[in-house]
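**Q** Sequence:
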Amino acid sequence: MYLRLQLKQLASNMCTFPSPYYGSYDEMVAVVHNMKKRLEAIYLDLCSYLGYVYTPVAAYFTAISSLMLAFPKFHPSVLDVEYLLRMNAPVRSNGNSFIVRYMINVLHLKL
1 MYLRLQLKQL ASNMCTFPSP YYGSYDEMVA VVHNMKKRLE AIYLDLCSYL GYVYTPVAAY
61 FTAISSLMLA FPKFHPSVLD VEYLLRMNAP VRSNGNSFIV RYMINVLHLK L
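By my numbering, the letter at position 80 of the sequence shown is numbered 80, and the numbering carries on one by one without gaps.
Since the hints were derived computationally from the structure, they do not count as laboratory data. Heads up, a few of these hints could be off.
DEER-style ranges, computed between Cβ atoms [claimed, not checked]:
#	residue 1	residue 2	range
1	D45	Y25	43 to 53 Å
2	S24	A63	54 to 64 Å
3	G23	L46	47 to 57 Å
4	K36	P56	40 to 50 Å
5	V29	Y49	55 to 65 Å
6	I64	R92	32 to 42 Å
7	M68	H108	32 to 42 Å
8	N88	A59	17 to 27 Å
9	A30	A58	51 to 61 Å
10	Y49	V78	27 to 37 Å
11	A63	E27	53 to 63 Å
12	L67	L39	38 to 48 Å
13	Y49	E82	50 to 60 Å
14	P90	F61	40 to 50 Å
Only a predicted model underlies this, so the values are computations on that prediction, with no experimental measurement involved. Glycine included, each C-beta is placed from N, C-alpha and C at the ideal position.
Please construct the entire structure, taking both the sequences and the accompanying hints into account.
**A** This is the structure:
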C-alpha cells in the first residue's frame, strides 16, 4: 500500500513541470535530484519487500522439492517379515554384519 502511494505521488510529481522546463537551471536540477532520491527510496523498498517475500518462498520450494525427491527412499519395499516367510523369499544382506546371524537364527530366513 505504501509503495503504491509513493508511485502515485511520484507519477503526479513527474507530470507537474511542463516540457520544456520554464524555470531556473538550479530549480530543474533540484526537481530531478528529488525525483532521483524518491526513485531510489522506492527501489530500496521494492527490493526489501521482494527479499522478504522471495527468501521464504525459495526456502519452502527447496524444502518441498528435496522432500519429494527423497520421500520414496523412506519406505521399505517389504513391510513385514511374515510376508517374506510366507513367500519363502531369499533375502540378501552384507555377510560381515550381525544382522545375518539374526536373520538366520531368530527370523529363520534363507540367505
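**Q** Hint by hint, which ones does this structure get wrong, listed from lowest number up?
**A** 1, 3, 4, 5, 8, 9 and 10
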